[in-house]
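Chemist: Chains as they are written, first to last, in the working numbering: chain R, 254 to 463; chain P, 11 to 1092.
Be careful, since some hints might not be right.
Said to hold, decoys possible - Straight-line Cα separation of at most 35 angstroms, DSBU-like style, residue types lysine-lysine; simulated pairs: (1) P/Lys943 with R/Lys399; (2) P/Lys234 with P/Lys943; (3) R/Lys457 with P/Lys132; (4) P/Lys115 with R/Lys336; (5) P/Lys800 with R/Lys412; (6) P/Lys989 with P/Lys800; (7) R/Lys457 with P/Lys989; (8) R/Lys343 with P/Lys115; (9) R/Lys457 with P/Lys743; (10) P/Lys130 with R/Lys343; (11) R/Lys457 with P/Lys968; (12) P/Lys819 with R/Lys355; (13) P/Lys150 with R/Lys412.
To be verified - What the simulated footprint calls covered on chain P by chain R, stretch by stretch (three residues with Cβ under 8 angstroms from a Cβ of chain R suffice, anywhere in the stretch; the number is not a length): (14) 125-138; (15) 752-765.
Claimed, not checked - Covered stretches of chain R, as calculated for chain P (at least 3 residues, CB under 8 angstroms): (16) 353-364; (17) 393-402.
Source of the hints: derived by calculation from the structure; they are not laboratory data. Fair warning: this is a prediction, and the values are worked out from it, not measured in the lab. All residues carry an ideal CB built from backbone N, CA and C; glycine is no exception.
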Amino acid sequence: MRIRWLMALLLLSVIGIGGFTAGSLVAGKVGSETKTVNKEDPTGLMKRSWPNTKWWFWTPGDTVDNSWPVPYQPKQPIAFSHKLHAGKMKMDCQYCHASARKSKSAGIPATESVCMGCHKVAATDREPIKWLANEVKEGRAIEWVKVHDLPDFVRFHHKPHIQAGVTCQECHGQVEEMEEVYQHAPLQMGWCLRCHQDRGAPQKCYTCHY
Amino acid sequence: MTEIKTELDNLIPSDRNVERLNDRPLETPSEIKAGSFYINSDELFDGNPYSEFNNAESVIGNPDELSQDDRDSSTGFDRRGFLKSFSLAAAGASATSCIRRPEEKVVPYLNQPEGFVQGKAKYYTSTCKMCAAGCGIKVKAVEGRPVKIEGLENHPTSYGGSCALGQASIQGLYHPDRLTTPIIKSKNSVKNAEWDEMWGYLALRLAEAKRVAILTEQISASQKALYETFLTKMGFDKTDLYTIDSNSLYAQKSKAHQLAFNTTNYSRYDFSKARHVVSIGSDFLASGTHKVLFAKQYSKARSRVGEERCKMTMFESNMSQTGSRADFRHAVPAGSEIEIALALLDVVFQSDAVKTNPVESKTIRDVLSANQASIQKGKSLVSGKVDLSSLATHLLENGGLVTCATGGDFDANGTKLQLVEILLNKAIGAYGNTVFIDEAPFVSGLNHTDDLQKFLAASAEIDTVVVINSDPVFTVPESFGMKAILEKMNQVVSIQYRPTSTDQLAHALIPAHHYLESWGEQQNLHGSFSIQQPVIRPTQNSMQPEDALFWIAAHAEKPLGFQNYYAFLKSHLTSKLGGAGNVELAMKKAQKIGYVGLGSSSKSAAMNNVSSHLGNVQASTSGLKLKAILDPRLTDGKGSYLPALQEVGDGLTSIAWDSWLGLNPNTAKKMGLRRFDEVTVSGEGAGSLTVGVWPQPGLDANTAMIHRGNGRKVKESRVDDGIGVDPLILLAKGVDELSGTPVTTNSISVKKTGKRIRVVSMQKPTADLGNRTDIVKKVKSDDVAGLTEKSEQFYSNPDFPDLFPNLPKGDHYWGLSIDLDQCFGCSACMVACAVENNVPQIGRKLVGMGREMHWIRLDIYFQGPVDSPQVTLQPMMCQQCAHAPCEAVCPVYATTHDDEGLNTQTYNRCVGTRYCANACPYKVRRFNWFTHKWNKPHAGEPPLNPRPMNPDVTVRTKGIMEKCTFCIQRIRDGKMYHKDPVTKRIPDGTVKTACQQACPSDAISFGDLQDESSEIFKKRYDGRSYLALNADLPLNKDVDLHKDHPHYGIKTVPSVNYLSHVVESVPETGHHSKNHGGKEHG
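Chain R with its partners taken away, still in its complex shape (with noise of 0.2 angstroms):
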C-alpha cells in the first residue's frame, strides 16, 4: 500500500517536472520567432510577457468582463499602432480589414498590397518602416499573432454581423484607441448569447456549431 503512495507522489513529480520544463521550452520556443522591432515603445505594454500568453485551461481576461488580471495582448512582430492609423488619420476599419462585409473572416491587409500603398512613401525614415520595406523586398508577409481567436468548432461569420449594424467596436472595444490592440471582450459563449438575445438572433446551438 505504502508502495503505491509513493508511486503515485513519484509520478506527480515527474509530470510536474517534465510539464513545467516542457512547458517552458515550448514557450521559450514560441517566444523566440516572433520579431520585436519596438524602438518606438512609449506604454511599455510590449514589454510584458505573461499577459502575452495564452494557457490550455485560461486565456488572461478569460472573465465574463474581460479585466483580470490584464485583457490578452500578445506581442505583434511589428509596433503597429491602430491609434495612429484609425485614430489620428482616421482610416476606416473596412479599409483594411476589406472581407468583413463580405465573407466569414474580415481578413487582414495584405502586406504589400495594403500597407505599402501608403508607406511606399510614408514615414519611410522610421526604424519600423525601414524593417517593413525590407521585409517585402525579401518576400515575406507579416506574421501577426491572431489576438480575437475562436475555437475550431466555432464557425463565427463577420458578414451577417455587419449587415445586421453591429459596428466593429462592440465586439473589438475602442481599437482606434489601442496602441496595441488587445482582446477587449472575453469571447465566451455566454458573452455573445448575450447579445444575440438581446438583439433576437437566432440562439440555436447550430447556428455556430456545424
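Fit chain P to the supplied structure of chain R, relying on the hints for placement.
Modeler: What follows is chain P alone, placed relative to chain R:
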C-alpha cells in the same frame, strides 16, 4: 413544456385496451424469415441471412490481429490501484505544470490577387485527365489550394457530372507517395539527382541511343504534336510514339470505324434521343468510353414518362452496373456477345422495315452468310429467353440504339463486335437519329490502334524508352512480356505523377506534375476542346512531362523552338482559338469558360464493305471463363493508390480494399464453394493466384469475374500495398487481331485450398430486411401514370399521434430526393461526400470491423432468381427525420433539429454515448472510434491519409458522432451570398449538396421544399415518391388516406424521399428456403 403536456393528454386513451398497431415484439435474428429482397445469395440457400456469422468456421477477423492498444496489457498494477494513483498524479500534475497554448498566427498575402476575398473560395475550370474522356471540371480552390473537384456545367463531356475516379483524383495531388526528387539508378546505386544533373544525364543517354520510343496512354492532339516534335528534333523517328491505353475499347472502336468509314473518329452516341437501347455486353454507364456523358444522356432518356421512356435490353456475361439498370437482362456466356449481336443482326435484317441502303445491305448479307454458325449459336443461346424478332421490331421503330462491348474486359472478337455494332446501328436506322459521326474528331484516339503490337514488334530494335504517365508493366498482361522487354532496354526513363510498377524498371525517374498542376487540352465532342490549366503552383519538386522534354532537348542542344510547353500549347491552339491575332485573349476566355465549343455538324458516312474482316469470328467455348474486368472505380490500377476509391468499394457487392472471385451462386454451390472460401485460380497463362470466393447474383453460370486494379507485386504506394490480386497474371497471350489489343479473358480452373479468407464487404444482411416493403419500392412502368400524388399530410399522417412536437419552420425547408430508377451505383456521390466533408478513409482492417465512415452509403438489394436478379441500388444517408429518434435520446443535446428541417450535429457537445446511432433506424450515424489524423497513422490505417481538408467543415476527433448534414456549409454559403433579402428565397439549384453535384445520372435532387416551383417540390410529391421505412402503402390512386392506412411504418418523417424503381415486372420471390411461409408483412 405546456406544449408537450397537451399532446400527451390527447395520447393517453381512455380505453386502456386499445391495441396499438404495429406493436409487436422485436424479433430475434434466428426467427428472421427470408423475405423477397436479399443482399447476398446465402439468404436464399440457407434461409438464414446470418449464416456467415453463425458459421463457426467463418473468419470475421483474426483476433490475434487486433491492435495492441485494443488489448489489455499487464502493468503490474491492479485496476483500482492504478486508477487511484493515476488520478492523484493527474491532479497534482495539472497544478504544477502549465502548458502554454501556442499562439495562432494569421498571415496575410504579401501581394493579394485581384478579386480575392478572404474566406471565399475561387473556382477554376480545368479538364480531368484520369481517363481519355476528358470531362470538364470546376476546381474549388481555397487560398490557392484545391480542395474539391466538381463537374463543369454545360461542358459537352461532363454536363456537370463527375465519376468516382475524378472525384478522388484530388487525393493524388497531396499524396505522400508522389516522388519528391528525380532519381538516377545505375547498376549499384540509386541516387537522388538535381534537375540539371538529370537533364545532362538524359541528354547524354539520348545522344548515345539508337532508337528511342515514347510510351504513353491516351494523349491530346497537342501532346502528340509535342512528342513527335521532340522525337524528330532529337533525330529519332516520330512514329515511335506508342499510345497504349488499357481501356482497349477506344482502340477497338477506332479501328472498327477506320475499317468501316475510313475515319478514326468513332460514332457519338446520344442516349437521350433513344427509346430502346440494346446493350450487348456494353457497360456504358460505369465503364465505357464516356461514362459520365452517357449517364447524363441516359438519365434524360429514362426520366421521360410513358411511351417515350427509354427501355434497355442487356445481354452480358458479367453482372455490371449498367446491367443493374436494364429492364430486360439476359446472362449469356462470356465470348458469346458477338454471336448474340450477329443473331440480332440477322433477325433485324430479315425484317421489312430495315433501314439500310443497297450498299449496306450487300455488306450485311455478306457478313451474315459468312457467319451462319455463329448466328445459329447466338439464337440458341437466347431462345426461350427473349424473342429476337419483337426486339428487332421495337428497335426498328424510331429511336433504337445498339451498343456493344465485352463488358469491361476484352476478347479476341472485340473489334469485330464493334463492326457488327456499326452494322446493327445502320440496319435499325440509328445513324442520324441516336448515333452520329461528326465532322470533327470525337476524342483524341488519333489512330493509336495497333500501337501495342507495333511496339512489341519494334522492341528488339528500340534501346531507349521514355514512359510518360502510364504503367504498361502493370496494365498489359504478363504474358506479353512487357517487363522482360523493358528490362532489356539500355535506358528506361519513367516520368510519372503517381507510383507505378514501371518505376521499378526505370533507370531515370522524373516526378511529374499532377494534372491539376499542368497545362493541356483535350478534344471533346462536336469538335470542341477543353482547356486544362494549373490550379495550384507545383506542390512538389516535379515538372510537367512536356516541359521535361523541353529541358532534355535544350541540354542536348537541339531546342524544340518554344520556350516551354505553355508557349507550344498556345501556338498549337492558335488556329482553333481564332487565328493569331488575339491568342492571349482567346486563351484567357477559354480558361474562364473551360472549353471552346467549335461546333461541328454530323455527317452521313458511306460505309465500306467490312464483310472481309468479319470472316472468322472466334466461337465461344464452354467451361469456366474468367473475365479480368477494368474496375469501374480503380480502372486498370490508376486509382488504386487513392484511399477514397479503395474505401468506397464495389457498387454491386460493397467489397472494399479487396479482390474477390465473382461466381454465379448456383455454379459456386455446384463446385462446392462457399462465400469466403479461399481458392487457387490458374488460367491459360503462367501465373496463378489465391483469392476469396464471393457468389455474385447475375453472373452467367460459366463466367467468373475478378476486377483489375489491385495486386501490386512490390510495395509502390502505402495505400495499395498488399491489397487484392492481379488477374492479368492468369492470362495467356491473346490478341484481338484487328486492333492488336490484348485479350483479357480466358478459361480458368478453380481449386479450393481448404482455408477460408475474409473478403471485406461493407453491407451486411440486416434484421427483417427482406420482409419489409417500405425500404425499396418498385412500380411497374405501366402503372406509373396511375399513381397518386403525395402531400405532406400523407407523409406525416396526422391521424396517428406521436410524441414529437411540431417545430416552427424557418424560411427554408431542405429536402432531398433520390431516384432509384436512375442510380446505377457508380459511387461518385460517396467519394464526393468524403472529399467535401473531410471524412477519413480508415483502411481495410477497420472497414472489416464494420467501422466505415461513409456518410452516404450504397445499399444493394436483389430480388428474383440468382441467375437473373433485379437489382436496386439505394444510396442511403442521414434522412434528416422530422421526428428523429436520434434527437430524442441524446443525453447532452448534441443533436438538435433546426428550423430548416435539418438534423444538426453539434460536434463539440457530443460526448460519445453513441445512443443516437443505436436509435437511428437507418444506421447512418458514424462514430469516430479514432482520430484519423492527416499525419498520424492508426494501426491498420493507411498512414498519411491524403485528404484535401475543406476549411468550411469541422474536422472531427475521437469520440464524436458525425453524419450527413445535407452539406450545411453549402447551405450556409447559399444563404449568406445568394438569398434575396426581400423574398427570402434562394434560386433553385444554387445550393447543391456534394452528392447531388457529383451524380452523373442526376439521381439526387436537393432544394427548398418551401419553394413550390423547385425541382425538389415536384419530386417529393411525385406519385412514385415514398419515404424509407415510412408510409408502407401501395402506391395507387385508390387508397383512402383515412381508411386504408394500416401501415405507416416507423413514422420518422424523413426529409429524404425516394422515387420508386420503375420496372417492367416485379419478380417473384426467388428463394427456395424451407422457411418460406409467406409471412405477412407488417
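Chemist: Would you mind marking each hint as holding or not holding in the structure?
Modeler: Do the hints match the structure? See the list:
no.: 1; hint: P/Lys943 with R/Lys399; verdict: 25 angstroms, holds
no.: 2; hint: P/Lys234 with P/Lys943; verdict: 42 angstroms, violated
no.: 3; hint: R/Lys457 with P/Lys132; verdict: 30 angstroms, holds
no.: 4; hint: P/Lys115 with R/Lys336; verdict: 22 angstroms, holds
no.: 5; hint: P/Lys800 with R/Lys412; verdict: 39 angstroms, violated
no.: 6; hint: P/Lys989 with P/Lys800; verdict: 29 angstroms, holds
no.: 7; hint: R/Lys457 with P/Lys989; verdict: 20 angstroms, holds
no.: 8; hint: R/Lys343 with P/Lys115; verdict: 27 angstroms, holds
no.: 9; hint: R/Lys457 with P/Lys743; verdict: 66 angstroms, violated
no.: 10; hint: P/Lys130 with R/Lys343; verdict: 28 angstroms, holds
no.: 11; hint: R/Lys457 with P/Lys968; verdict: 25 angstroms, holds
no.: 12; hint: P/Lys819 with R/Lys355; verdict: 27 angstroms, holds
no.: 13; hint: P/Lys150 with R/Lys412; verdict: 21 angstroms, holds
no.: 14; hint: 125-138; verdict: holds (count 4)
no.: 15; hint: 752-765; verdict: violated (count 0)
no.: 16; hint: 353-364; verdict: holds (count 10)
no.: 17; hint: 393-402; verdict: holds (count 8)
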